[in-house]
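> Protein chains in written order, with the working numbering: chain A, 892 to 1282; chain B, 892 to 1282.
None of these hints come from the bench; they were simulated from the model.
Everything numeric in this text was worked out from a predicted model, so none of it was measured.
Any given hint could be a false lead.
What the hints assert, rightly or not - Which residues of chain A face chain B? A partial, calculated answer using Cβ under 10 Å:
#1 His924
#2 Gly992
#3 Glu1151
Stated by the list, open to error - Derived DEER-like restraints, expressed as beta-carbon distance ranges:
#4 A:Leu902 - B:Glu920: 30 to 36 Å
#5 A:Leu902 - B:Glu981: 27 to 33 Å
#6 B:Pro1143 - A:Arg1253: 54 to 60 Å
#7 B:Gly1055 - A:Leu902: 37 to 43 Å
#8 B:Asp973 - A:Leu902: 29 to 35 Å
#9 B:Gln947 - A:Ser1114: 56 to 62 Å
#10 B:Gln1048 - A:Arg915: 50 to 56 Å
All C-beta atoms, glycine included, are put in the ideal place defined by N, C-alpha and C.
Number of protein chains: 2
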Amino acid sequence: MSDSRLSSVALDVEPFRVMALLARGKALEAQGHRVLHLEIGEPDFPTPEPVVEAGQRALAAGLTHYTPAAGLPALREAIAQDYRQRYGLELDPRRVFVTPGASGALQVVLGALVAPGREVLLTDPGYPCNRQFVRLHGGVPVSIAVDASTNGQPDAQDLARHLGPRCAALLIASPANPTGAGLGLEALERLRRQVSEAGAVLIVDEIYQGLEYGDAPLPTALSLPGDSVVVINSFSKFYGMTGWRLGWAVVPDFMIDTVERLAQNVYLAASTLSQHAALAAFAPQTRAILAARRQELRARRDVLWQGLRDLGFDVGTAPPQGAFYIYANIARFGLDGETLSERLLEEAYVAITPGSDFGVHRAREHVRFAYTQPIPVLEYALQRIARWLGG
Amino acid sequence: MSDSRLSSVALDVEPFRVMALLARGKALEAQGHRVLHLEIGEPDFPTPEPVVEAGQRALAAGLTHYTPAAGLPALREAIAQDYRQRYGLELDPRRVFVTPGASGALQVVLGALVAPGREVLLTDPGYPCNRQFVRLHGGVPVSIAVDASTNGQPDAQDLARHLGPRCAALLIASPANPTGAGLGLEALERLRRQVSEAGAVLIVDEIYQGLEYGDAPLPTALSLPGDSVVVINSFSKFYGMTGWRLGWAVVPDFMIDTVERLAQNVYLAASTLSQHAALAAFAPQTRAILAARRQELRARRDVLWQGLRDLGFDVGTAPPQGAFYIYANIARFGLDGETLSERLLEEAYVAITPGSDFGVHRAREHVRFAYTQPIPVLEYALQRIARWLGG
């Protein structure tokens, strides 16, 4: 029995199943086993040197006081400028809010849109925290099943069935976690039109933007017309700044005042030091480092995807477009995702994430592999998995 | 008319009145006027050198990846150790959660306790964001008026009238913003008993702890018996680390699991760099710097309090015990707080905060002065105010 003083909403927040696996992995490591970590949603790369140096300079200059709630004006301008350079977009920096991680961005964006009882449509599978954010704001998360049969995006008929007067927003991600699926401009525009005709807002999580391995980069939803698109982004994944806890949101004009007031109240401001360091994230030197990392991640993806495929995992007919995950169907092995994840850890010392951390839609048939480790580690993991499957 | 897509709850979040004054102050500065800033809730001191150096070392060592959601184990242990050294308390570090600012702490603590419809009792006047946090979780903020006649703390009868089955918590601060009032152990224990008998939790915001100017330090609410006390604290104010966005919560056993799950979902973790830097906050060298700053703040308080008193502001019969604010009654000047704040800025170039930013209880009769500036600035401000009052 849980204590009656706890909020029923908070009690319903599910733990990540991967956390138990992480704890068990640590125990195995303490016993002397080498655990291979294919569960971690954080690349092994350190923060690029120019960003670290900018952080050092900011510290040396004593820049340790609060910034404005919406972020350092220079960083908001730099982010807008980057959209100009990369996508040819004119973006008013007043629409850019620098936030403590994409988490902070989701918080103020959902806070601005979700009144109690309002619905937010989410993909299943999807990033597990999103449901909780919606519920903590008194909103109702509504799942839309996506899989290979829908190209990893909400199907138009499904979406039509769920869009109603209580619907505040559709939240999607491109590239997506856990599937790595990306959305083209046409697909995005179709979703935007459908959502905005229903009076709702399209929120696109682009935190894996830049980590795309096709010939052309994926588009940003900021290229879409109208005033009903919000973009969430982060310095964590592409820019290699996870521990700095820095992200941003780009909101339409009608949300600016509300998001500003929420930011003032909810978190005051993002870390000053992180913001000064992030000014170097757009420098040519940093870009060169990030381009090399993208190539490395692409090579990792190819190794892991091909390797899993060869071992009989159902990983689709082509490697995922972006992020650093492979969402594999494991139905043919006759084990559900949680059991397979547990046994792979206990018996082969390979840590992965069960599909049940990302939703319920065919979740038991899936596991997620992350290629956030160097190729030799991935190859070693594939060998161990091969032996385990054979044994 | 606001856009119907915005959440009604978010629309009800009031802007801080001081923000308009800040913007106006900037405009005056752009015109060449020297504005004296007695509105800022952030000391002018930089972060102590040993903390900055620890940050530099962490950066040099490449410590830029995520930490566990509850914080670096070494920092949780250091915080627990500090309670041991300063207050003789044995504290299980598992009860300590390192958070992105006190804001992050409030978020997970209120998230754990406040289900929709549940009430949280707050002091009026009080820190303005607290009401919003409660409302954003679907809760109902209920104000309890406090003033000099109640020694700045909720009166027992008032409290009894408000405590009911829907009440999740009483949230108080010691030392308090904006009054600077502190609570002794007996007063805290009386509140704790009354609150816990009603099945609710006592949350004590101790972010100004350490900034106390009496002969003995104020107690921490963690000294109280039972399992119904939560303490919120921060590295911002006493430790001079505002821009680092780092705080902590100490929660009773029954909340640990829930707060951990919320932390994982709501913000993932506090800044890694800030956490490594904060390890140096408890070093003897840092303590010496902080002790000197406390003396400086005490001297500032005495100058500002006496000066305001001499000018006819009603600032009570003794200077406030802690924090760095003086909450002055201005009824005798025949102007409400907002008008006086505006005119003082426009006509004497002194920025202060109107009482209406802190609640409604006698708010129009009050303004808040912060002594976060050096004594010469305070003296100059007093001169300008004197001339303005005389003119």
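> Each of the hints needs a verdict: does it hold here or not?
Status of the hints after comparison with the structure:
At its closest, the beta carbon of A:His924 sits 21 Å from a beta carbon of chain B; the interface hint therefore is violated under the 10 Å criterion. The criterion of a C-beta within 10 Å of any C-beta in chain B is met by A:Gly992, whose closest approach is roughly 6 Å, and the hint holds. Restraint check, A:Glu1151 versus chain B: the minimum CB separation of about 8 Å is within 10 Å; hint holds. At about 50 Å, the CB distance of A:Leu902 to B:Glu920 disagrees with the hint of 30 to 36 Å.
Between A:Leu902 and B:Glu981 the CB atoms are about 29 Å apart, so this pair conforms to the stated range of 27 to 33 Å. Take B:Pro1143 and A:Arg1253: their Cβ atoms lie about 40 Å apart, and the range 54 to 60 Å is violated. Our hint of 37 to 43 Å for B:Gly1055 and A:Leu902 is violated, since their Cβ atoms are close to 22 Å apart. For the pair B:Asp973 and A:Leu902, the beta carbons lie near 31 Å from each other, so the given range of 29 to 35 Å is met.
In this structure, B:Gln947 and A:Ser1114 break the distance hint of 56 to 62 Å, their C-beta atoms being roughly 41 Å apart. Remark: the range hint 50 to 56 Å for B:Gln1048 to A:Arg915 is upheld by a beta-carbon distance near 53 Å.
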